[in-house]
Amino acid sequence: MESDQRRDSKLLRGLFVGSVLGATAGFLLAPKAGKELRSGIREKTNKALDETKRLYSEGRTKFENVRASITGRREGASLSGIESPEEIMGDA
Numbered sequence: 001m002e003s004d005q006r007r008d009s010k011l012l013r014g015l016f017v018g019s020v021l022g023a024t025a026g027f028l029l030a031p032k033a034g035k036e037l038r039s040g041i042r043e044k045t046n047k048a049l050d051e052t053k054r055l056y057s058e059g060r061t062k063f064e065n066v067r068a069s070i071t072g073r074r075e076g077a078s079l080s081g082i083e084s085p086e087e088i089m090g091d092a
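This note's numbering numbers the first residue of the sequence shown as 1 and each following residue consecutively.
Hints are computed from structural coordinates only; laboratory data are not their basis. There could be a bad hint or two in this list.
[To be verified] Taking CB as the label site, the calculated pair distances span:
| no. | residue 1 | residue 2 | range |
| --- | --- | --- | --- |
| 1 | I70 | K35 | 19 to 29 Å |
| 2 | S69 | L29 | 45 to 55 Å |
| 3 | S9 | D50 | 20 to 30 Å |
| 4 | N65 | S3 | 16 to 26 Å |
| 5 | K35 | R60 | 34 to 44 Å |
| 6 | G72 | K35 | 14 to 24 Å |
| 7 | E36 | S9 | 11 to 21 Å |
| 8 | R6 | E51 | 18 to 28 Å |
| 9 | E64 | A30 | 33 to 43 Å |
| 10 | A25 | F63 | 25 to 35 Å |
[What the hints assert, rightly or not] Quick list of in silico lysine-lysine cross-link-like pairs, DSS-like style, CA-CA up to 27 Å:
| no. | residue 1 | residue 2 |
| --- | --- | --- |
| 11 | K47 | K35 |
| 12 | K62 | K10 |
| 13 | K62 | K47 |
| 14 | K62 | K35 |
| 15 | K47 | K10 |
| 16 | K35 | K10 |
Only a predicted model underlies this, so the values are computations on that prediction, with no experimental measurement involved. C-beta: ideal position from N, C-alpha, C; glycine also.
Whenever a hint applies, use it, and build me the whole structure from the sequences.
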């Protein structure tokens, strides 16, 4: 499972870097005036930032859900087989 997470992380990082490089090359090679180019860069940057925030939020939510699930399982497992002091004294 850990290797899947690393692979996914590397894939997302690669996609992000590739997207940034591709967008940069496109802007630099596009035949536009400076004002239009800056406006386009600003617009694309804002869209990319919004998408990054959305993906971060989704990832964080998934992480919190998994963490809560694991924590709940761990607490349930650690307490399920242990008798309370009252139960121990009642058996004596």
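Structure-based check of all given hints:
A hinted range of 19 to 29 Å is violated for the C-beta pair I70 and K35, which are about 52 Å apart. Range check, S69 to L29: Cβ separation about 48 Å, and the 45 to 55 Å hint holds. Judged by the Cβ atoms, the range 20 to 30 Å given for S9 and D50 holds: they are separated by roughly 21 Å. Checked against the hint of 16 to 26 Å, the C-beta distance between N65 and S3 comes to roughly 21 Å, which is consistent with it.
A C-beta distance of roughly 37 Å is found between K35 and R60, which places it inside the suggested range of 34 to 44 Å. With their beta carbons about 56 Å apart, G72 and K35 fall outside the hinted range of 14 to 24 Å. Roughly 36 Å separates the CB atoms of E36 and S9, a value that falls outside the hinted 11 to 21 Å. At roughly 23 Å, the beta carbons of R6 and E51 sit within the given window of 18 to 28 Å.
Between E64 and A30, the C-beta spacing of about 41 Å keeps the proposed range 33 to 43 Å intact. Our hint of 25 to 35 Å for A25 and F63 holds, since their Cβ atoms are close to 33 Å apart. Of the supplied pair hints, the one linking K47 and K35 holds, its CA atoms being roughly 18 Å apart against a limit of 27 Å. Proposed proximity of K62 and K10 is supported: the alpha carbons are some 18 Å apart, at most 27 Å.
For the hint linking K62 to K47, the alpha-carbon distance of about 23 Å falls within 27 Å, and the restraint holds. The hinted pair formed by K62 and K35 fails the criterion: a straight-line CA distance of about 41 Å is larger than 27 Å. As the CA atoms of K47 and K10 are separated by approximately 22 Å, the hinted pair is consistent with the 27 Å bound. Of the pairs offered as hints, the one joining K35 and K10 is violated, with about 36 Å between alpha carbons and a cut-off of 27 Å exceeded.
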